[in-house]
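Student: Fit the two chains together into the complex; they arrive one by one in their own frames, and the hints show the way.
Those protein sequence lines, which keep their order, are chains U and S.
Under our numbering, residues -15 to 174 are what the first sequence spells out, in order.
Under our numbering, residues -2 to 69 are what the second sequence spells out, in order.
Take the hints with a grain of salt, since some may be wrong.
[Said to hold, decoys possible] The calculated label-pair distances, taken between Cβ atoms and stated as ranges, are:
{"no.": "1", "chain 1": "U", "residue 1": "D36", "chain 2": "S", "residue 2": "L60", "range": "33 to 43 Å"}
{"no.": "2", "chain 1": "S", "residue 1": "V36", "chain 2": "U", "residue 2": "T131", "range": "37 to 47 Å"}
{"no.": "3", "chain 1": "S", "residue 1": "S4", "chain 2": "U", "residue 2": "P29", "range": "42 to 52 Å"}
[As the list claims (entries may be wrong)] Some residues of chain U that are not near chain S, with every Cβ distance over 10 Å (derived):
{"no.": "4", "residue": "A4"}
{"no.": "5", "residue": "S12"}
{"no.": "6", "residue": "I124"}
{"no.": "7", "residue": "G171"}
[Claimed, not checked] Reference listing, derived: stretches of chain U covered by chain S, where coverage requires no fewer than 3 residues with Cβ under 8 Å from a Cβ of chain S:
{"no.": "8", "segment": "89 to 100"}
{"no.": "9", "segment": "149 to 159"}
Derived from the structure by calculation, the hints contain no laboratory data.
Ideal placement from N, C-alpha and C gives every residue a C-beta, glycine not left out.
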Amino acid sequence: MSSMMATHEGGFSRINMNRAGLWLFFVSEGFMFAGLLATRFALLPGTRPDLDQTVGLIVTSILLLSSFFMYRAETAIAHGDRSTFVISTFLTMVLGVVFLVGVVGFEWLPSEFGPSDGASGSVFFALTGMHAFHVLTGVIFLFVIFTNGLRGVYTAESHWGVEACALYWHFVDVVWVFFYVSLYLVGRVA
Amino acid sequence: MSEKSKSSAMRTGVVVLVVLAVLTVAEFVVGTVTNGSLVPLAIIALIKAALIIQYFMHAPRVLRSDQEGGGH
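Chain S extracted, bound-state conformation (with noise of 0.2 Å):
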C-alpha cells in the first residue's frame, strides 16, 4: 500500500477523533443544559458509536472475501 493511502487513512482517523472530541463535548453540554433528557443523549451516542464501528472497526471489512492483514 502506498505512502498515498496511508496519509489519507491517517487524515481520516484525525477527522474522526475530532468529530468524537466534538460530539463528546456536545454530549455534555445537552446533559447539563437538558437535564438529562434521554433521546437527545442516545442520538449522539449512536453517532458516535457508528462512527467507531465504520471508522474504526472498518466494519464492512468482515463481509468482504478478498483481503488479507489488515485491510487498509
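Looking at chain U on its own, in the form it has when it is part of the complex (with noise of 0.2 Å):
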C-alpha cells in the first residue's frame, strides 16, 4: 500500500485529510470575502459604483467557461486522458489570464475613480483587487499542474495536486458569482 493510500484511525486516508484541510481552508477564505461583502453593503447601502456592465459580463462569462475547462481537465485526468487533461489545464490557465487582463485592463485602468475616491472607489479596488489577487495565484498554480501534466507526474490512480488546483480554480469562481452581483447589479448607480 502506497503512502497516499494509507489509511488513518477511523478508516480515512491521506487524500481525504488533505480534502478536509482544503474545505477548511475555503471556510476561512469564505469569513474574509463575506467581510469584504460586508464592508460593501454597509458602505454603499442601496447603490453601487459606476461601472461597465458589459466588461462585467464578458468577464463573468470567461472564469465560469474557465471552471468548465477545468472540471475538464480533472474529469480528463481522473480517467487517465492525458492529452485533454493538459489542453484543458492550458484553456483554463489562458482564460484566467484573460480575466486578469479584463478586470485589471478594462476596469480598473480607463476607471474614473481610484481607491481612494470615496467609498465607491474603495469598494471597487478592494474587492476586484483580493479577488484578482487570488486568480492569479490560482493561474500560478495551474502553471504549475500544466507542466507537471507535460512531464506526465499524474495519473488516473494519483492526481491530487490537480484535484487541489480544481477545487481553488472553482472556489474563486464562486466568489466571483457573488462579487459580480454586489458590485455590478445590486442598487441603483451611486
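Tutor: Structure representation (C-alpha cells):
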C-alpha cells in the first residue's frame, strides 16, 4: 500500500485528510470574502459603483467558462486521458489570464475613480483587487499542474495536485459569482 | 474508470455550464429590469454557487472515506 493509500484511524485516507484541510481553508477564505461583501453593503447601501456592465458580463462569462475547462481537465486525468487534461488546463490558464486582463485593463485603468476616491472606489478596488490576487495565484497553480502534466506526473490513480488546483479555481469562481452581483447589479448607480 | 463514466461526467459539465450561462443572463436582465433589487439577484447567485459547489467541486466527496485521486 502506498503512502497515498495509507489510512488513518477511523478509515480516513491521506487524500480525505487533504480534502478536509483544503475545505477548511476555503471556509476561512470565505469569512474574509464575506467580510469584504459586508463592507460593500455597509458603505454603499442601496447603491453601487458606476461600472461598465458589458465588461462585467464578459469577465463573468470568461470565469464560468474557465471553471468548465477546469472540471473537464480534472475529469480527464481521473480517467487517464492526459492529452485532454493538458489542453483543458492550458485553456483554463489562458481564460484566467484573460479575466485578469479584463478586470485590470478594461475596468481598473479606464476607471474615473481610484481606490482613495470615496466609498465606491474603496469598495470596488478592495473587492476586485483581493479577487484578482486569488485569480493570479490560481493561474500560477494552474501553470504548475500544466507543466507537471506535460511531464506525465499525474495518473488516474494519483492526481491530488490537480484536484486541489481544481477545487481552488472553482472556489475563486464561486467568490466572483457573489462579487459580480454585488458590484455590478445590486442597487442604483451611486 | 470507464469511457462511459467519462463521457457521462463530461456531459454533466456541459449541462452545468449551460445552466450557469442561462442564470448569468437572467441575473443581468433581473439586475437591469428591477433596478438592482437584492433578493432575486441573491437567490440566483446562491443557485449558481450551489451548482458549482455540488457539481464542479464535488462537495459530497469530502465526506467519503474510500476514494483516491479524482473520485469521478
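Student: Would you list, in rising numerical order, the hints stated earlier that this structure does not obey?
Tutor: Structure breaks hints 4, 7, 8.
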